[in-house]
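Novice: Here are the chains, one letter per residue:
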Amino acid sequence: MASKRISSAKELEQLGRDIASKADPDKRIVSICTMSVCGQSRGSGAIAERFAEEIRRAGLEEKAEVRQTGCQGFCEREPVVIIFPEGFYYVNVEPDDVPEIVSATLSKGELVERLLYTDPTTGERAAKESDIPFYSHQMPIVFGDNRRINPREIDDYIGLGGYGALSKALFQMSPEQVLDEVKKSNLRGRGGGGFPTGRKWETTRNASGETKYVLVNCDEGDPGAYMDRSIMEGNPHSVLEGLLIGAYAIGSHEGFIYVRDEYPLAYDNTIQAVKQAEEYGLIGENILGSGFDFRVSVHRGAGAFVSGESTALMNAIEGRVGEPRMKYIRTAVSGLKGMPTCLNNVETWANVPLIINRGSEWFNSIGTEGSKGTKIFSLVGKVNNTGLVEVPMGMTLRQLVYDIGGGIPQGNKLKAVQTGGPSGGVIPEQYLDTPIDFDELTKLGSMMGSGGMVVMDEDTCMVDTARYFISFCCEESCGQCSPCREGLRMLREILNDICEGKGQEGDIEAIEDIAEVMQDASLCALGGTAANPALTTLKYFRDEYEAHIREQRCPAQACQALTCYYIDPALCTACLICRRNCPTEAIYGEKGIVHWIDQEKCIKCDTCFQVCPPRFSAVRRISGEPLPEPPAPGTRVTREEKG
Amino acid sequence: MMVSTTKSKGLPKASGAVKKAVGSYGKDKEALIQVLLDLQAVFGWLPPGVLREVSEQLDVPVVQVYRIASYYKAFSLQPRGRHIIKVCMGTACQVRRSPQLLNTISAVLKMKPCETSTDGRFTLETVNCLGCCAMGPVVAIDDVYHSNPSTADLQKVFESAE
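Chains as they are written, first to last, in this note's numbering: chain H, 1 to 643; chain U, 1 to 162.
Heads up, a few of these hints could be off.
[To be verified] Heads up, simulated BS3-like pairs for lysine-lysine below, C-alpha to C-alpha not over 25 Å straight-line:
{"hint": "1", "chain 1": "U", "residue 1": "K19", "chain 2": "U", "residue 2": "K29"}
{"hint": "2", "chain 1": "H", "residue 1": "K4", "chain 2": "H", "residue 2": "K183"}
{"hint": "3", "chain 1": "H", "residue 1": "K10", "chain 2": "H", "residue 2": "K275"}
{"hint": "4", "chain 1": "H", "residue 1": "K591", "chain 2": "H", "residue 2": "K601"}
{"hint": "5", "chain 1": "H", "residue 1": "K275", "chain 2": "U", "residue 2": "K29"}
{"hint": "6", "chain 1": "H", "residue 1": "K4", "chain 2": "H", "residue 2": "K22"}
{"hint": "7", "chain 1": "H", "residue 1": "K337", "chain 2": "U", "residue 2": "K27"}
{"hint": "8", "chain 1": "H", "residue 1": "K10", "chain 2": "H", "residue 2": "K22"}
{"hint": "9", "chain 1": "U", "residue 1": "K110", "chain 2": "H", "residue 2": "K604"}
{"hint": "10", "chain 1": "U", "residue 1": "K19", "chain 2": "H", "residue 2": "K601"}
{"hint": "11", "chain 1": "H", "residue 1": "K502", "chain 2": "U", "residue 2": "K112"}
{"hint": "12", "chain 1": "U", "residue 1": "K29", "chain 2": "U", "residue 2": "K13"}
{"hint": "13", "chain 1": "U", "residue 1": "K86", "chain 2": "H", "residue 2": "K337"}
{"hint": "14", "chain 1": "U", "residue 1": "K112", "chain 2": "U", "residue 2": "K156"}
{"hint": "15", "chain 1": "U", "residue 1": "K13", "chain 2": "H", "residue 2": "K604"}
{"hint": "16", "chain 1": "U", "residue 1": "K112", "chain 2": "H", "residue 2": "K604"}
{"hint": "17", "chain 1": "U", "residue 1": "K29", "chain 2": "H", "residue 2": "K604"}
{"hint": "18", "chain 1": "H", "residue 1": "K337", "chain 2": "H", "residue 2": "K327"}
{"hint": "19", "chain 1": "H", "residue 1": "K183", "chain 2": "H", "residue 2": "K168"}
{"hint": "20", "chain 1": "H", "residue 1": "K275", "chain 2": "H", "residue 2": "K168"}
{"hint": "21", "chain 1": "H", "residue 1": "K275", "chain 2": "U", "residue 2": "K20"}
{"hint": "22", "chain 1": "H", "residue 1": "K27", "chain 2": "H", "residue 2": "K108"}
{"hint": "23", "chain 1": "H", "residue 1": "K22", "chain 2": "H", "residue 2": "K108"}
{"hint": "24", "chain 1": "H", "residue 1": "K601", "chain 2": "U", "residue 2": "K156"}
{"hint": "25", "chain 1": "U", "residue 1": "K73", "chain 2": "U", "residue 2": "K112"}
{"hint": "26", "chain 1": "U", "residue 1": "K29", "chain 2": "U", "residue 2": "K73"}
{"hint": "27", "chain 1": "U", "residue 1": "K27", "chain 2": "H", "residue 2": "K275"}
{"hint": "28", "chain 1": "U", "residue 1": "K110", "chain 2": "H", "residue 2": "K601"}
{"hint": "29", "chain 1": "H", "residue 1": "K413", "chain 2": "H", "residue 2": "K502"}
{"hint": "30", "chain 1": "U", "residue 1": "K86", "chain 2": "U", "residue 2": "K112"}
{"hint": "31", "chain 1": "H", "residue 1": "K275", "chain 2": "H", "residue 2": "K22"}
[Said to hold, decoys possible] These stretches of chain H come out as covered by chain U in the derived footprint (C-beta under 8 Å, 3 or more residues):
{"hint": "32", "stretch": "217-231"}
{"hint": "33", "stretch": "254-263"}
{"hint": "34", "stretch": "310-321"}
In case anyone wonders, no lab produced these hints; they're calculated from the structure.
Glycine included, every Cβ here is placed at the ideal spot set by N, Cα and C.
Generate the whole structure from the sequences, applying the supplied hints.
Specialist: If you want it as structure tokens, here you go:
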């Protein structure tokens, strides 16, 4: 598609104007998220095809077109269809809904009421994205363009003013001025550490070394987080533009983008973006005629959590085992191939063009004293509206979970919010009014991390949560240093025992002792922070540990070894649903005869509990109390089944 | 166990495939991981013959090739099934009871995690996070993502997989 090299700032501006003017303001755009695994797996590709077909059939090619985009955020309701310019927002769209949308909305501008988002609490329908609480509390400055562009079409990005910040930096600012602007913006690293980005750039710039490298870290390994994937899949040029600006400020002419192996689509879209930027001369020699040269390679990870650590990532790019090394010398001074290297996270780079375009003063107007700008979170777990959200720093956890997230499903009670992935911790309900910023979350014993925010309700066991993260880190530890390798192994053993009802007095103290050594003596941040999930769950939910150890009871009824499933004969209507769904045929009973579970055969898969209709609620989870005797064979139901 | 086992029937010869992969990175030693990723995609695993060939063609010691191949999760040193089942164990899926989903799949297929079925049809794996947390619990069967599938859904998918 790109045939012509852009050789000056003027030509870029002209191209942007041409693309924008070619866009017919009366033409409707049907925006569908097909460039994201969530959308894809819910069948958004088929919906896009159907739209193309129906638009053709209705002869509306001049009046409407499909735009395939990356993640739009409200993943829970995928497939989502947004119709611009009105911004009509349709959720859970099926292919067979498409003809109606075409004939009503695309032809006549009318709404299809039944496909609108309905607020579960008020029952009100929202016609537009801005009417939906999930969106109305957000501030999508980094993530907002995702729904307007096809990530595989560089023209879409340029049409929205893309690469304008690069042009401004190259022609109107010196590298020092760019650096100064980023420093003044107080942008902090979005990967988790929160280190001031400008300072990192400055160290790299000032370090001696003929070659300097700039790196994009898209090795988003935190389980429960997918912000970087969605930016890289949905708007890769914003990251490339940021990287180019950073390289210019630092004095680097070569960059690497490291993409996690589990993100094939992000890899493909990045490759495509680099190729198109090269064709336009936005990457390569003499960019826009400025004399600035820059090339970039894309590198796939091969599946190792610790490879996201800066020194390990650099080892991996060099084709070696992705293990960290001691940071006697910072990577900004001696990093990739022993040269000064600046590594920033995807979201950090994506913020840079905004700062150059709109200025550090504007950026400083958003956020809190110590944390400026916005942050993208993956709001997931036990929350009604799961998805990606971008909010100004300083919003409280409560606003995030309740105003945007719509609260907890099935009226359950919130127990904690887990932030910061395996290096972070849990924040209990009583701290929900804490403003989200780098420093406040650290004070609570957790951390901001890269933006994973997992909501946990009363069905989530805190000991099991700690066990989960410790096991995760235990498998991911590279094994070089003994505090991390052995400490995690010991913690895992203790936590496994507690979850299986084999905990002993003294276990809690042992966890605390081991954690202290790991914090003090581990080689890298993975080991140094790996005990955090155990420490924070202990700090806020010690009683759950004690219930497991002293009463062999899991208060959340989640630990499989301490939980049994039981069908209450008084409530069972013998509807056969649980029996049909049981994968091990552990449930006995027939029509009219009360069902019962053979505990020997039961694998505790929770299926019976899930499928028992809520109006019966006959299946119970039991923990820490004796299991009632099963009903005598052939016991008839006492409760009538009512539709 | 060389490449020419029955499982690898129809697959390219080791030397040719390695030559192609190595060549596409200009024989750059630093591309070792990328070369192995390409070969893993071609063969579905990394047979010993392929690893030796990589060592020779890239002029990297065999021990280093094995070190990389055994360190990263993307590589398999054993043949895998024709259908790969990946149950997501990310935090978001975890709180939505992915361990129980794993139990169900184990029970339906009568195999444990990390196993390949004796008939070579399935390999059951767990992964740390597939990054589609809003749909949890998620299982990817041959890269098709299934959101909170029922026992019946699973049975249907497994039955249709040859």
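Novice: Each hint: holds or not?
Specialist: Structure-based check of all given hints:
no.	hint	verdict
1	K19(U) with K29(U)	holds, 13 Å
2	K4(H) with K183(H)	violated, 35 Å
3	K10(H) with K275(H)	holds, 22 Å
4	K591(H) with K601(H)	holds, 21 Å
5	K275(H) with K29(U)	holds, 24 Å
6	K4(H) with K22(H)	holds, 18 Å
7	K337(H) with K27(U)	holds, 18 Å
8	K10(H) with K22(H)	holds, 18 Å
9	K110(U) with K604(H)	holds, 15 Å
10	K19(U) with K601(H)	violated, 52 Å
11	K502(H) with K112(U)	holds, 24 Å
12	K29(U) with K13(U)	holds, 22 Å
13	K86(U) with K337(H)	violated, 35 Å
14	K112(U) with K156(U)	holds, 20 Å
15	K13(U) with K604(H)	violated, 46 Å
16	K112(U) with K604(H)	holds, 15 Å
17	K29(U) with K604(H)	violated, 49 Å
18	K337(H) with K327(H)	holds, 15 Å
19	K183(H) with K168(H)	holds, 17 Å
20	K275(H) with K168(H)	holds, 22 Å
21	K275(H) with K20(U)	holds, 22 Å
22	K27(H) with K108(H)	holds, 12 Å
23	K22(H) with K108(H)	holds, 23 Å
24	K601(H) with K156(U)	holds, 23 Å
25	K73(U) with K112(U)	holds, 18 Å
26	K29(U) with K73(U)	holds, 20 Å
27	K27(U) with K275(H)	holds, 22 Å
28	K110(U) with K601(H)	holds, 13 Å
29	K413(H) with K502(H)	violated, 28 Å
30	K86(U) with K112(U)	holds, 12 Å
31	K275(H) with K22(H)	holds, 24 Å
32	217-231	holds (count 8)
33	254-263	holds (count 3)
34	310-321	holds (count 6)
The structure shown violates the earlier hints numbered 2, 10, 13, 15, 17 and 29.
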